[in-house]
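Chains as they are written, first to last, in my numbering: chain E, 1 to 378; chain Y, 1 to 378; chain F, 1 to 392; chain D, 1 to 392.
Hints should not be assumed to be uniformly reliable.
Said to hold, decoys possible - Capping the alpha-carbon separation at 25 Å, the derived lysine to any residue pairs in SDA-like fashion look like this: (1) E:K257 / F:N378; (2) E:K260 / F:T178; (3) Y:K13 / F:R4; (4) E:K13 / D:M1; (5) Y:K257 / F:S388; (6) F:K37 / F:V200; (7) D:K198 / D:N212; (8) D:K181 / D:D223; (9) Y:K260 / D:R143; (10) Y:K257 / F:N378; (11) E:K99 / E:D213; (12) Y:K257 / D:Q156; (13) Y:K257 / D:E132; (14) E:K257 / Y:A271; (15) F:K198 / E:I334; (16) F:K232 / F:A138; (17) F:K180 / E:P265; (18) F:K181 / Y:Q270; (19) Y:K260 / D:T178; (20) Y:K260 / D:L241; (21) Y:K260 / Y:Q270; (22) E:K260 / F:R143; (23) F:K181 / E:P265; (24) Y:K13 / Y:E115; (25) F:K110 / F:R53; (26) F:K110 / F:S161; (27) F:K110 / F:Q74.
The hints are simulated quantities; they were obtained by calculation from the structure and are not laboratory data. The structure displayed is predicted, hence computed values, not measured ones.
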Amino acid sequence: MDFSLNSEQILLKDTVTRFLGAHSPFESLAAARAEPFGWRSGVWQGMVELGLAGLPFAEDDGGFGGGPEEVMIVMEALGAAQPPEPYLTTAILGGTILKSASESARAGLIGQIAEGTLRLAVAWQEAATRWSADEITASAEPSGSGFLLSGRKAFVLDLAGASHVVIAARLGAGLGLFLAAADRLTGRTTGYATPDGRRAGDIDLGGLWLEADALIVAPDEGGEVLSRALDAAAAALACEAVGAMQAALDLTVEYLKTRKQFGVPIGSFQALQHRAADMFVALEQARSMAMRAIMAQSSLPSEASAREIAAAMVQIIDASRYIGQQAVQLHGGIGMTEEYRLGILFRRLTMIGRLFGDRDHFLDRLVAGPSLLERIEP
Amino acid sequence: MDFSLNSEQILLKDTVTRFLGAHSPFESLAAARAEPFGWRSGVWQGMVELGLAGLPFAEDDGGFGGGPEEVMIVMEALGAAQPPEPYLTTAILGGTILKSASESARAGLIGQIAEGTLRLAVAWQEAATRWSADEITASAEPSGSGFLLSGRKAFVLDLAGASHVVIAARLGAGLGLFLAAADRLTGRTTGYATPDGRRAGDIDLGGLWLEADALIVAPDEGGEVLSRALDAAAAALACEAVGAMQAALDLTVEYLKTRKQFGVPIGSFQALQHRAADMFVALEQARSMAMRAIMAQSSLPSEASAREIAAAMVQIIDASRYIGQQAVQLHGGIGMTEEYRLGILFRRLTMIGRLFGDRDHFLDRLVAGPSLLERIEP
Amino acid sequence: MDLRLSAEDLAFRDELRAFLRASLPAPLARRLRTGGKASPEELRAWTRTLADRGWSVPHWPVEWGGTGWSPLRQMIFRDEVQQFPAPEPLSFGASMVGPVIYTFGSQAQKERFLPRIARLDDWWCQGFSEPEAGSDLASLRTRAEPAEGGWRITGQKAWTSLGQHANWIFVLARTDRTAKKQNGISFFLVPMDSPGLKLVPTELIDGSHEVNELFFDDVFVPDENVVGELNKGWDYARFLLSNERTGQARVGLAKARLRRIRELAAAPPDGGPAPLDHPAFQRRLAELEVQALALETTLLRIVASGGGEEGEANPVSSILKLRGSELQQATAELLLDVAGPAALVWPYGPGEGAPLWGADAAPTYFNLRKLSIYGGANEIQRTIVARSILGL
Amino acid sequence: MDLRLSAEDLAFRDELRAFLRASLPAPLARRLRTGGKASPEELRAWTRTLADRGWSVPHWPVEWGGTGWSPLRQMIFRDEVQQFPAPEPLSFGASMVGPVIYTFGSQAQKERFLPRIARLDDWWCQGFSEPEAGSDLASLRTRAEPAEGGWRITGQKAWTSLGQHANWIFVLARTDRTAKKQNGISFFLVPMDSPGLKLVPTELIDGSHEVNELFFDDVFVPDENVVGELNKGWDYARFLLSNERTGQARVGLAKARLRRIRELAAAPPDGGPAPLDHPAFQRRLAELEVQALALETTLLRIVASGGGEEGEANPVSSILKLRGSELQQATAELLLDVAGPAALVWPYGPGEGAPLWGADAAPTYFNLRKLSIYGGANEIQRTIVARSILGL
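Turn these sequences into a full structure, and let the hints steer you where they fit.
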């Protein structure tokens with residue numbers, strides 16, 4: 001058993017943190033959101049040059065051979081800084097799907113991610129799916145040498161700046177995963193901002209024709225591949241949440257030390273001290289569960305790993321809610337303002353439990369299975 | 001709209017409170033529990049002489065014509081003092097059933113309650129019923145000029161000192177309510193103490209034969225009558241809980257003012273002040289709901305009244321748990337001791353939500369129906 | 001004891017409902033019902049409609065446009081307006097500066113200001129809080145120096161709600177620097193277009209422009225715009241803050257939101273799994289409905305006991321602030337739950353017109369975090385309960 | 001990073017399990033599994049069984065009977081014992097006075113006491129708290145006056161757990177009344193049969209006789225029974241209290257209780273509706289299982305980082321006390337939920353032998369309220385976290 005980072009991992013952590021501090025300070029985020037895609041190509045390119053985009057992929061595929069722990073390190077740093085660049089959707093959510101595509105289908109694509117030229121969005125949700133892939137109704141049918149798609153996709157994260165979009169659609173009795181270049185979707189998308197300072201969009205698939213080789217994961221595997229990718233994305237998101245919670249707690253403690261009321265620092269009030277202590281405890285418990293989710297991916301079969309990730313998300317969502325709310329409360333008015341850095345952290349912490357499923361969604365998964373406690377006794 | 005007590009009600013409140021203070025001070029409770037039935041015939045007789053036993057019954061039936069509000073006043077006072085005498089089971093739970101018995105069946109019985117000679121226990125639960133009368137399996141069948149009963153009853157509150165026991169048993173397609181003198185059950189009962197300093201017991205019905213006139217509520221009405229009696233008992237229990245919570249809060253505030261640590265009264269610590277404030281808020285919210293439950297009984301049809309009572313019990317159970325736990329916590333070690341008065345209050349507050357149903361039980365009822373909010377707009 | 005309304009009060013309530021149905025413009029009613037807001041113009045028009053009916057400032061003295069309603073009727077009125085929902089009167093005029101003026105102001109001030117408040121001809125805003133004086137209001141630094149025929153105010157105010165629409169502001173400023181904290185403060189009425197007064201919007205996390213910073217640079221205020229006695233401003237401010245404590249429960253809004261949640265949860269506008277079929281959601285909704293009933297009943301108890309009277313700081317009403325804010329926040333959170341992924345649509349920013357049914361969920365949730373912060377943070381309310389009620 | 005145990009640690013754990021299965025008497029094992037307790041005799045016998053295997057005081061120095069196990073192995077041992085469940089070593093000897101004696105005691109004290117602690121030949125109890133000195137231990141009043149060849153102790157101690165079974169007690173008493181609060185206190189070892197020492201049981205709300213009051217009336221203690229230096233007792237007490245902080249998590253006990261709850265909830269012994277079929281119950285159980293995993297992992301992180309070392313008061317371990325006590329209390333409450341009406345059967349008092357499967361539910365719930373009170377109340381732990389970790 002071991003919870004420590006090795007020296008390369010510590011170096012990675014320092015490098016990413018330093019990069020973000022230099023190139024994506026909090027003060028730059030408002031301008032970033034005003035960019036055409038809602039993020040900065042320069043910062044994205046910088047992340048690519050650090051090797052972050054290719055990090056989670058095998059070296060044979062053109063990646064840099066990082067594992068879940070390296071993903072954890074990057075996501076925690078991103079969590080603290082909240083740059084809007086499309087890392088999670090490209091490298092983790094879309095990337096995990098690409099890893100499962102047939103070798104011919106993914107030939108070169110992962111290399112393009114590593115080089116920063118391929119940016120992925122994953123169109124899996126629809127207006128009425130409520131985080132359940134079982135509810136997907138968009139469909140594809142063979143047509144000529146390819147497929148004709150129909151239906152609508154919704155809540156596609158980072159759609160605006162994506163170069164390619166993975167589209168999940170019913171195909172026969174299964175779920176096909178298609179890859180389409182963004183220019184094929186011109187005129188079919190509706191974009192909008194999200195509460196956490198990112199972008200998302202809807203897609204009208206009606207009459208979209210794609211070539212045969214756009215089907216990168218066959219319908220008999222599509223459901224499983226998508227759900228594994230969503231798990232990987234949730235585990236990464238859990239780590240991002242830890243970074244964001246730590247940043248929110250740090251800001252709060254700093255504020256409690258400096259802000260004065262009734263002539264003394266408000267951090268001297270016992271009720272506020274105890275609240276901060278509870279925030280710390282919540283954070284450490286959440287961190288423990290995020291670490292479990294990360295470790296589960298490399299040590300457990302996918303079913304057991306999915307349960308560990310669901311358990312982590314329950315804890316992470318609770319802690320994100322508590323720490324986010326209390327950070328705002330302890331700040332008072334200043335915590336409600338957009339110009340203060342806590343705002344973006346609070347809004348992201350609120351959305352952590354709405355991106356890939358809410359607390360009920362993840363708890364449902366735990367309730368459906370055997371006791372969680374059995375798992376820890378191999 | 002009116003939330004005030006009239007002058008007779010205020011007098012009742014003062015009288016009961018004074019009586020309990022004089023004849024059932026906290027210091028006397030340990031000895032009371034050691035009595036053969038677990039309570040004191042002298043104190044019971046005193047309560048009878050004050051008119052409390054006959055209070056909830058119509059004057060025509062030999063009672064004193066009190067309504068739900070008078071019950072509230074008595075139960076709140078009992079809640080604060082926690083005498084173990086069998087008021088709730090005799091006057092409310094059993095009494096409400098008697099009210100629905102045919103006139104011939106109940107002839108004189110209510111008068112006997114008012115005189116203190118009839119003390120009722122209600123055998124409705126069984127080991128496996130979990131507060132649901134639908135799960136009752138004990139049964140009766142016609143036999144000669146009467147009925148032959150079979151099955152076992154469990155958790156019969158105040159069984160030890162009861163002069164008569166109401167027994168719920170399946171009869172045909174319905175639920176019959178039978179009244180048996182306690183001496184008919186000799187050798188069939190197993191008694192035990194309960195965590196809140198009272199007594200309860202189980203009854204083996206196998207082969208018990210009762211005369212025809214023991215059936216005091218016919219099977220087509222038995223289920224409805226029992227459930228109305230349980231509602232009335234729950235509403236009364238809610239008021240008892242309010243009295244107990246108020247007493248627990250008073251003790252706690254007093255302790256916070258007098259107990260010193262680190263050289264100052266512990267009530268000067270902000271975290272403890274805020275906890276006490278939250279206890280007060282919880283109490284007042286619970287009190288509001290208990291009052292609604294009381295008023296619902298005289299102003300709403302029984303279905304709507306049942307829902308108000310269930311809503312009250314959800315709030316009451318939450319508040320009882322919170323106030324009980326925090327009262328012990330704020331007292332520290334002394335709150336854990338039996339010789340200190342908080343102990344019995346804490347134990348009763350714990351059992352409030354286990355006598356006629358737990359929080360899930362009452363919330364299930366609310367969930368099954370339409371919105372609670374519609375009701376308040378006639 | 002009886003929770004039922006009398007026949008007269010029921011008739012009164014029905015009259016209110018009929019009036020609201022007949023008088024509130026349909027598009028506005030629809031927008032409010034789906035989480036939208038009234039524009040300043042709509043609020044002005046609506047206030048005039050109410051004023052024509054004699055109901056724009058129900059709690060005021062009859063001579064200045066009040067109704068003479070009992071506290072219970074005032075509460076029913078507020079509750080019906082919140083539940084309908086119709087726009088609520090702008091509190092800065094009707095509930096804050098109005099009562100100060102008719103209680104402590106000169107006859108000239110009363111005649112000049114009160115009729116215009118009652119019709120929202122003047123839009124007032126509040127100049128109390130400062131960057132370094134929030135819950136600790138007594139430590140305010142804005143000062144007024146004597147000048148020919150009046151005073152010159154210099155300082156900074158913060159968290160001024162809707163100041164961008166206002167043409168008047170009421171301001172606390174220090175007029176005697178030698179006095180102790182709470183003393184030496186006076187209460188001024190200041191036109192927003194006074195030279196030297198500058199307003200800077202504060203952007204909030206919900207994307208709204210709701211509050212502002214105000215910079216006073218030697219702003220002249222004539223003597224006639226000082227309310228009551230000089231250096232007694234702190235008393236007037238306390239009077240003002242203690243008013244309408246019962247209004248902080250805002251149960252009607254919570255009930256209206258819970259109804260909307262139940263409708264949306266039973267039949268999500270876009271179809272798909274209905275949250276109301278989920279056992280955990282059902283329970284959360286029922287629990288909040290119980291909370292709403294409890295709070296409403298507590299409010300009725302306080303109103304019935306006279307605890308909602310003007311100028312009287314009944315500490316029990318701190319319960320209303322505590323539980324009222326918590327209930328509002330909890331319902332906003334449940335709305336976010338119902339919206340689910342639809343809460344991802346942010347109505348501000350570079351949208352191109354997306355499905356909008358869930359688009360108020362996140363902004364509402366973010367915005368209502370303020371409820372436990374302003375008007376005396378909930379931590380302050382707990383201290384009030386502990387000290388004033390429990391004697392700790 | 002890897003959560004998995006090494007093959008060696010897995011083998012070690014399997015060895016422990018096999019040992020527990022083979023060595024713990026079956027009736028006792030069954031009783032502990034259903035919420036019962038070990039008698040003092042059973043605990044003595046079991047401690048000797050462990051001592052024969054060399055495992056009765058794993059964390060002690062090898063020379064005095066310790067094992068030399070890594071902190072991880074010590075944690076595995078404790079966890080397996082708690083989960084089995086088997087009786088835990090009596091902490092007053094093994095974890096409290098034992099380490100004080102082998103760290104600060106004289107060679108004679110070590111030789112005299114340590115072997116007898118390791119075999120539970122001596123049953124120790126603790127004389128720290130006083131009626132007026134609980135969480136505020138430094139204000140203790142019990143005093144020791146110099147006497148010929150030793151000291152005479154007078155005063156009152158409270159909350160002495162299991163003192164009725166003890167033949168020795170370790171006592172803090174003030175030896176220098178002129179010194180400030182924490183100074184001038186010494187650490188004494190006192191036979192329970194000393195003349196002038198009287199024990200009075202304190203009955204607890206769970207019906208148990210667990211704690212006692214002790215009255216010292218001029219109790220003579222020879223010099224040889226003073227530990228370490230005179231007037232340094234406070235340092236030894238802090239050392240003692242900071243030990244075994246990781247032991248306060250007691251995750252193994254929570255896990256064992258959660259397993260029992262799941263079994264009972266799936267098939268109530270008396271039949272009837274299974275709580276595990278109720279959606280709300282399912283969720284509460286799953287939530288507590290998540291809590292248990294989180295706490296266990298936090299504990300492992302602290303152990304892996306060396307935070308569980310003896311004599312080192314790692315403030316992070318306050319998390320273990322806070323969350324450990326809360327988790328234990330929450331599982332006890334869930335057990336009460338599962339028992340439902342069966343929790344009405346109270347095992348004490350005038351029972352005639354009723355169905356007993358739910359009879360430990362209420363006493364356990366009542367008893368475990370102590371966990372957030374003793375060993376530094378949770379309020380104190382929060383202050384430690386705020387000050388020592390967050391720097392507030």
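Evaluated hints:
| no. | hint | in the structure |
| --- | --- | --- |
| 1 | E:K257 / F:N378 | 20 Å, holds |
| 2 | E:K260 / F:T178 | 22 Å, holds |
| 3 | Y:K13 / F:R4 | 24 Å, holds |
| 4 | E:K13 / D:M1 | 15 Å, holds |
| 5 | Y:K257 / F:S388 | 14 Å, holds |
| 6 | F:K37 / F:V200 | 22 Å, holds |
| 7 | D:K198 / D:N212 | 10 Å, holds |
| 8 | D:K181 / D:D223 | 23 Å, holds |
| 9 | Y:K260 / D:R143 | 20 Å, holds |
| 10 | Y:K257 / F:N378 | 23 Å, holds |
| 11 | E:K99 / E:D213 | 16 Å, holds |
| 12 | Y:K257 / D:Q156 | 24 Å, holds |
| 13 | Y:K257 / D:E132 | 15 Å, holds |
| 14 | E:K257 / Y:A271 | 18 Å, holds |
| 15 | F:K198 / E:I334 | 20 Å, holds |
| 16 | F:K232 / F:A138 | 13 Å, holds |
| 17 | F:K180 / E:P265 | 21 Å, holds |
| 18 | F:K181 / Y:Q270 | 23 Å, holds |
| 19 | Y:K260 / D:T178 | 22 Å, holds |
| 20 | Y:K260 / D:L241 | 22 Å, holds |
| 21 | Y:K260 / Y:Q270 | 14 Å, holds |
| 22 | E:K260 / F:R143 | 20 Å, holds |
| 23 | F:K181 / E:P265 | 18 Å, holds |
| 24 | Y:K13 / Y:E115 | 21 Å, holds |
| 25 | F:K110 / F:R53 | 21 Å, holds |
| 26 | F:K110 / F:S161 | 24 Å, holds |
| 27 | F:K110 / F:Q74 | 23 Å, holds |
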